[in-house]
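Undergrad: Given next are the chains, with one letter for each unit.
Protein chains: 2
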Amino acid sequence: MKKKGALVSYRPDIKVVDCTVRDGGLVNNFLFTDEFVKDLYNTNIKSGIDYMEFGYKASREQFDVDKFGKWKFCNDDDIIDIVGDNDTDLKISVMADVGRTDFRNDIVDKANSPIDMIRVATYINTIPAALEIVEYCNKKGYETSINIMAVSKSNDMDLDDSLELIGKSCVDDIYIVDSYGSLYPEQMRRLAEKYLDCGEKYNKTIGIHAHNNQQLAFANTIETLTMGVSYLDSTVSSLGRGAGNCPTELLLGFLKNPKYDIVPILSFIEKHIVKLREEGLIWGYDIPYLLTGRLNQHPRDAIQFTHDKRIDYKNFYRFLYDKEI
Amino acid sequence: MKKKGALVSYRPDIKVVDCTVRDGGLVNNFLFTDEFVKDLYNTNIKSGIDYMEFGYKASREQFDVDKFGKWKFCNDDDIIDIVGDNDTDLKISVMADVGRTDFRNDIVDKANSPIDMIRVATYINTIPAALEIVEYCNKKGYETSINIMAVSKSNDMDLDDSLELIGKSCVDDIYIVDSYGSLYPEQMRRLAEKYLDCGEKYNKTIGIHAHNNQQLAFANTIETLTMGVSYLDSTVSSLGRGAGNCPTELLLGFLKNPKYDIVPILSFIEKHIVKLREEGLIWGYDIPYLLTGRLNQHPRDAIQFTHDKRIDYKNFYRFLYDKEI
Chain A
1 MKKKGALVSY RPDIKVVDCT VRDGGLVNNF LFTDEFVKDL YNTNIKSGID
51 YMEFGYKASR EQFDVDKFGK WKFCNDDDII DIVGDNDTDL KISVMADVGR
101 TDFRNDIVDK ANSPIDMIRV ATYINTIPAA LEIVEYCNKK GYETSINIMA
151 VSKSNDMDLD DSLELIGKSC VDDIYIVDSY GSLYPEQMRR LAEKYLDCGE
201 KYNKTIGIHA HNNQQLAFAN TIETLTMGVS YLDSTVSSLG RGAGNCPTEL
251 LLGFLKNPKY DIVPILSFIE KHIVKLREEG LIWGYDIPYL LTGRLNQHPR
301 DAIQFTHDKR IDYKNFYRFL YDKEI
Chain B
1 MKKKGALVSY RPDIKVVDCT VRDGGLVNNF LFTDEFVKDL YNTNIKSGID
51 YMEFGYKASR EQFDVDKFGK WKFCNDDDII DIVGDNDTDL KISVMADVGR
101 TDFRNDIVDK ANSPIDMIRV ATYINTIPAA LEIVEYCNKK GYETSINIMA
151 VSKSNDMDLD DSLELIGKSC VDDIYIVDSY GSLYPEQMRR LAEKYLDCGE
201 KYNKTIGIHA HNNQQLAFAN TIETLTMGVS YLDSTVSSLG RGAGNCPTEL
251 LLGFLKNPKY DIVPILSFIE KHIVKLREEG LIWGYDIPYL LTGRLNQHPR
301 DAIQFTHDKR IDYKNFYRFL YDKEI
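Chains A and B supply the protein sequences, listed in that same order. The C-terminal residue of the first sequence carries number 325 in the working numbering, and the numbering is unbroken. The C-terminal residue of the second sequence carries number 325 in the working numbering, and the numbering is unbroken.
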């Protein structure tokens, strides 16, 4: 295993990307209060977080604006309401999903936008469409990333070919995404090696976005960062779809750069996260997510099972298992 | 990193040790119903678990038998009430803490006992006392282990000397114990290498007992098993002191030996674990345990904080931090 840096030192190339509103929005249809988002923005600044992802640039033609909170669409004006002119070290990112974004209408020149980075989420079979968005955004002046989702489902040859294609593009960052939370550290390190080789060859930065179905989101994040992965996605208290993500408070506990401070995150949890749970919002590791993760399946059945307040785990496992045969 | 076996195969030397009643007993003073323990025993048999630890052989002179459930003391007759003549592949273990056990009175010849293995828990400064118990139990016919607790607090030289001392003894198994849940996979692999070197030199088996303060119990367990560690402690749904342990359901999801079956564990969770939580028993990963784990401290303050239903995490962190200075 290649290794970059030591446990007691830090690497200045590390960037923490807070995805709480974006991935957490998948839990509550982006219905966060302005106070939540504003407090999170100030918390991120105080904690030394490098990027804050506000949500999606989703198509208003495809999605009903009355059914979702505003962070599903991330109008530039809504972001400006929170960040003003954002005269801070915290950069702003949004995500655009291939096939779900009117990027030519909704993404303007960076000079006129509060956004710094556009991250494009794609499955492995839509990479040319993702590259089209990346090229558009790159020309508009944004930092860009390609996030290849559900990499646990793709084969080595397709992935190698995809990384070559992406490597030759103008994209800045390439993300390993364990959408189903099914990958073990050993597999993650193998993937990281592959992505890092591509990054070295084509001068791209590599990132990781993990899910916590098997309580491995934090472990997979720190294991791959030790190898040289430098963009690290996390969410406060794991808030994110299904089993959630790598918890920011665990990640900041690990990182040694003195600019990172866990204390503002703890205050944010006291004020906002405890309340969300009390109000009945459910996310995070639980048996149904372990089962979909273990079987390398999309978490949607586990989300439904949890929503229905079922506890017949044995039946559920049989149901998931039979789907594979 | 040395590696033993592959992700798709299995190693017959792997043994899963269920510590649910023993470590979980630290959460509820061992007040489990007989139905719980009997069902767990049958579940372990059906799931292919290798050892079930029933509790402690604690001194009845030091501890008030009216204040604890019977598994604090593990009278042989109480075990026999559950297991009968235990005509199964499941072996029975109990733990004896150095300084808290009347082993000469309470541990009889193995020929007259349902117990197969005695595990001796010790801090690094009481290893000679631990070896005295081990030698006694070895002569009585038991398999024995030494579990060096809080290894995250010991220095390399003391640990090397201790492993030499233990290596030369008659003990069968030596355990890495991350009592405070403070160790990262990178550190765990370094420790595993050290223990495995000792094991190779002196023909001892190496085990791991992890705690989940930083959501790393499962990751640390599978990372060290990949290197050759073979005795793996786990508890159903993490039930154990503070942040709990490596969850059996995650571990069985990883192991490839067809004798292991996750389904009986899922049934047990449906019937018993959901109920324990509903009745108000609290254990498992939470912010206070992350903070003691990160600071490499005993979880007792986090247990008290949780018991008091406090959520002022920022104050608590400051309190813990100031203790270190």
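One or more hints might be untrue.
Which copy is meant is left open, so a pair is good if it fits within one copy or across any two.
When the alpha-carbon atoms are kept at most 20 angstroms apart in a straight line, the in silico PhoX-like pairs for lysine-lysine are as follows [claimed, not checked]:
id: 1; residue 1: LYS271; residue 2: LYS309
id: 2; residue 1: LYS4; residue 2: LYS139
id: 3; residue 1: LYS201; residue 2: LYS139
id: 4; residue 1: LYS2; residue 2: LYS70
id: 5; residue 1: LYS67; residue 2: LYS168
id: 6; residue 1: LYS259; residue 2: LYS314
id: 7; residue 1: LYS275; residue 2: LYS67
id: 8; residue 1: LYS275; residue 2: LYS314
id: 9; residue 1: LYS314; residue 2: LYS271
id: 10; residue 1: LYS46; residue 2: LYS153
id: 11; residue 1: LYS67; residue 2: LYS15
Simulated from the structure, these hints should not be mistaken for laboratory data.
Undergrad: Taking the hints in turn, state whether each one holds.
TA: Status of each hint after checking the structure:
In this assembly of identical chains, the alpha carbons of LYS271 and LYS309 lie at most 20 angstroms apart only when taken from different copies (15 angstroms versus 26 angstroms within one copy). With identical chains, the CA atoms of LYS4 and LYS139 are never at most 20 angstroms apart, being 33 angstroms at best within one copy and 49 angstroms at best between copies. In the homo-oligomer, the alpha carbons of LYS201 and LYS139 never lie at most 20 angstroms apart, since the shortest distance is 23 angstroms inside one protomer and 62 angstroms across protomers. When the C-alpha separation of LYS2 and LYS70 is checked against a cutoff of 20 angstroms, the pair qualifies neither within a copy, at 43 angstroms, nor between copies, at 50 angstroms.
In the homo-oligomer, the alpha carbons of LYS67 and LYS168 never lie at most 20 angstroms apart, since the shortest distance is 39 angstroms inside one protomer and 69 angstroms across protomers. When the C-alpha separation of LYS259 and LYS314 is checked against a cutoff of 20 angstroms, the pair qualifies only between copies, where the shortest distance is 18 angstroms, while the shortest distance within a copy is 46 angstroms. When the C-alpha separation of LYS275 and LYS67 is checked against a cutoff of 20 angstroms, the pair qualifies neither within a copy, at 23 angstroms, nor between copies, at 36 angstroms. For a Cα distance limit of 20 angstroms, the shortest separation of LYS275 from LYS314 across copies, 16 angstroms, qualifies, whereas the shortest one inside one copy, 32 angstroms, does not.
Proximity of LYS314 to LYS271 under the C-alpha cut-off of 20 angstroms is restricted to the inter-copy arrangement: shortest distance 11 angstroms between copies versus 37 angstroms within a copy. For the identical chains of this complex, LYS46 and LYS153 are neighbours neither inside a copy (38 angstroms) nor across copies (32 angstroms), given an alpha-carbon limit of 20 angstroms. Taking identical chains as interchangeable, the C-alpha atoms of LYS67 and LYS15 are never at most 20 angstroms apart, the minima being 33 angstroms within one chain and 51 angstroms between chains.
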